[in-house]
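Student: I would like the entire structure built from these sequences, with the hints used as guidance.
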Amino acid sequence: QQPVQSPQAVILREGEDAVINCSSSKALYSVHWYRQKHGEAPVFLMILLKGGEQKGHEKISASFNEKKQQSSLYLTASQLSYSGTYFCGTEIRTSGSRLTFGEGTQLTVNP
Amino acid sequence: NAGVTQTPKFRILKIGQSMTLQCTQDMNHNYMYWYRQDPGMGLKLIYYSVGAGITDKGEVPNGYNVSRSTTEDFPLRLELAAPSQTSVYFCASSYGLRDDLREQYFGPGTRLTVT
Chain A
1 QQPVQSPQAV ILREGEDAVI NCSSSKALYS VHWYRQKHGE APVFLMILLK GGEQKGHEKI
61 SASFNEKKQQ SSLYLTASQL SYSGTYFCGT EIRTSGSRLT FGEGTQLTVN P
Chain B
1001 NAGVTQTPKF RILKIGQSMT LQCTQDMNHN YMYWYRQDPG MGLKLIYYSV GAGITDKGEV
1061 PNGYNVSRST TEDFPLRLEL AAPSQTSVYF CASSYGLRDD LREQYFGPGT RLTVT
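Quick mapping for you: the protein sequence lines, in order, are chains A and B.
Quick note, in my numbering, the first sequence goes up one by one and the last residue is 111.
Quick note, in my numbering, the second sequence goes up one by one and the last residue is 1115.
Because the hints were derived from the structure by calculation, they are not lab data.
Since this is a predicted model, take the numbers as computed values, not measurements.
One or more of the hints may lead you astray.
Chain B stretches covered by chain A per the calculated footprint, using a threshold of three residues with CB under 8 Å from any CB of chain A [said to hold, decoys possible]:
(1) 1037-1048
(2) 1090-1096
(3) 1101-1107
List of simulated lysine to any residue pairs, SDA-like, C-alpha gap at most 20 Å [said to hold, decoys possible]:
(4) B/K1044 to A/Q8
(5) B/K1044 to A/T85
(6) B/K1044 to A/A77
(7) A/K37 to A/Q106
(8) B/K1044 to A/G15
The following label-pair restraints were derived from C-beta to C-beta distances [unchecked claim]:
(9) B/I1015 to A/G15: 46 to 54 Å
(10) A/K26 to B/D1100: 39 to 47 Å
(11) A/E16 to B/P1083: 36 to 44 Å
(12) B/K1009 to A/N21: 43 to 51 Å
(13) A/S61 to B/P1083: 24 to 32 Å
(14) B/S1067 to A/P111: 21 to 29 Å
Just so it is clear, CB atoms sit at the ideal spot from N, CA and C, and this is done for glycine as well.
Tutor: Here's what the structure looks like:
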């Protein structure tokens, strides 16, 4: 079953923060986050594997609440280069590395 | 290292025609995937493979076929093209066997129009 992402779209000014949420009705083994710029292929950001684990690099981080089957992506002090569509992909234990992607969150960062 | 390459980049098909989308990866990845992405939507898994000779259906396999005779190549075959197959097709690969190496690497995509 497809994970639900929220919000569907968000517009920021440079330097502002944003949170993108991803929730599933199934017990998850992992959550992947990807960013896709217009006309390009998705690019991997990070993977969350353990309950409550938080990962990140620079100003983009993510958390995974295994009990609630929810993940959140945190973008702090946003830059123009953060603009794009963010997808979460969820994996259940028996899926053999298959991901089910959400519909995406379109993030626009304006000067 | 070219990563994941796809050909062609663009293609226009007439209804009822057939074609093969090519995908090759040079990272020695075990897992390969085919997705389609309709405008403004997420990625839907068509077929995937966990190794040479092994393939399985994804969420939307109807109208497509795949084969995997080598680790590097994973072609997607469209038979009797229909307008509903107009989409952007992405091939992806991943190592898959270790938790810290499960990220998927995507090819640049093939934009297909069926008219």
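Student: For each hint, tell me whether it holds in the structure or not.
Tutor: Verification of the supplied hints:
Look at the segment 1037-1048 of chain B against chain A: 6 of its residues bring a Cβ nearer than 8 Å to a Cβ of that chain, three or more, so the hint holds. Counting residues of the segment 1090-1096 of chain B whose CB falls under 8 Å from any CB of chain A gives 3; the rule of at least 3 is met. Judged by the Cβ-Cβ criterion of 8 Å, the segment 1101-1107 of chain B is covered by chain A as claimed, because 6 of its residues qualify and three suffice. Of the pairs offered as hints, the one joining B/K1044 and A/Q8 holds, with about 18 Å between alpha carbons and a cut-off of 20 Å not exceeded.
Restraint check: the Cα-Cα separation between B/K1044 and A/T85 comes to about 16 Å, which is no more than 20 Å; the hinted pair holds. For the given pair, B/K1044 sits about 32 Å from A/A77 by alpha-carbon distance, which is inconsistent with the 20 Å threshold. The suggested pairing of A/K37 with A/Q106 holds, with an alpha-carbon distance near 10 Å, which does not exceed 20 Å. The straight-line distance between the Cα atoms of B/K1044 and A/G15 is roughly 33 Å, outside the 20 Å bound, and the hint therefore fails.
Between B/I1015 and A/G15 the C-beta distance comes to about 50 Å, which sits within the given range of 46 to 54 Å. In this structure, A/K26 and B/D1100 break the distance hint of 39 to 47 Å, their C-beta atoms being roughly 23 Å apart. A/E16 and B/P1083 have their C-beta atoms about 41 Å apart, which keeps the hinted 36 to 44 Å range intact. In this structure the hint that B/K1009 and A/N21 lie 43 to 51 Å apart at CB is violated, the actual value being about 34 Å.
At about 42 Å, the beta-carbon gap between A/S61 and B/P1083 misses the expected band of 24 to 32 Å. Restraint check, B/S1067 to A/P111: a C-beta distance of roughly 49 Å breaks the suggested window 21 to 29 Å.
When held up to the earlier numbered hints, the structure conflicts with 6, 8, 10, 12, 13 and 14 and fits the remainder.
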